[in-house]
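Colleague: The whole structure should be built from the sequences, with the hints applied where relevant.
Position one of the sequence shown corresponds to residue 1 (the UniProt record's numbering), numbered consecutively onward.
Hints may contain errors.
Claimed, not checked - Listed next, the in silico DSSO-like pairs over lysine-lysine satisfying Cα-Cα at most 27 Å (straight line):
{"no.": "1", "residue 1": "K64", "residue 2": "K111"}
{"no.": "2", "residue 1": "K5", "residue 2": "K111"}
{"no.": "3", "residue 1": "K64", "residue 2": "K118"}
{"no.": "4", "residue 1": "K5", "residue 2": "K89"}
{"no.": "5", "residue 1": "K118", "residue 2": "K49"}
{"no.": "6", "residue 1": "K49", "residue 2": "K111"}
{"no.": "7", "residue 1": "K64", "residue 2": "K5"}
{"no.": "8", "residue 1": "K89", "residue 2": "K64"}
These are calculated hints, taken from the structure and not from any lab test.
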Amino acid sequence: MTQRKYLTAHEVDAMISAVPQGTNYYRDRCLIMMCYYHGLRATELCRLKMTDIQEDHIYINRIKRGLSTTHPLQRREIEAIQLWLEHRKTWLNSDMPWLFLSQHGNPLSRKQLYDLIKKHGAAANLSINVHPHMLRHACGFALADKGKDTRLIQDYLGHRNIQHTVLYTATNVARFKSISFEGD
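Modeller: Right, here's the structure in full:
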């Protein structure tokens, strides 16, 4: 049996809740939310800069020739960002342009991100081995589950080719709810 490649919204919330109080609490909660809410790839999250965050939106610089765009920030996410930014001021090299720093004051690396996501997935008692790209897929499936149009999901995730987006909508049972063979 192949391992599932995405997380459910419930599993993402469980991961966020499983982040232990401590030095990395605000950072880790914020980065999990942002990775999920914006369908970020690991490199995209690690490359986020302080200047990418504005009052109520964020500029997403997509990699892999993806379509970069601006996304609105969610209320819960804005609160998490504010808490992280306040706490971040006490960190080594807090004047660095990168949004997420390691404890040594360097930009967070992909490996560190992978390790963090894996650790928080285990802490949430998830039955699968979690990695950052599962949060990107979780975003796509969550948008499809909310009935969002395939083109909107394509733009939101920065896909140039809609074939990469169809994965999220093709398996969504909700899109068939309006079909009825009774009473025609």
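Colleague: Next step is simple, just say for each hint if it's right about the structure.
Modeller: Cross-check of the supplied hints:
| no. | hint | result |
| --- | --- | --- |
| 1 | K64 x K111 | holds (19 Å) |
| 2 | K5 x K111 | holds (19 Å) |
| 3 | K64 x K118 | holds (24 Å) |
| 4 | K5 x K89 | violated (35 Å) |
| 5 | K118 x K49 | holds (23 Å) |
| 6 | K49 x K111 | holds (18 Å) |
| 7 | K64 x K5 | holds (20 Å) |
| 8 | K89 x K64 | violated (32 Å) |
Figure legend: structure checked against the earlier numbered hints; hints not met, in rising order: 4 and 8.
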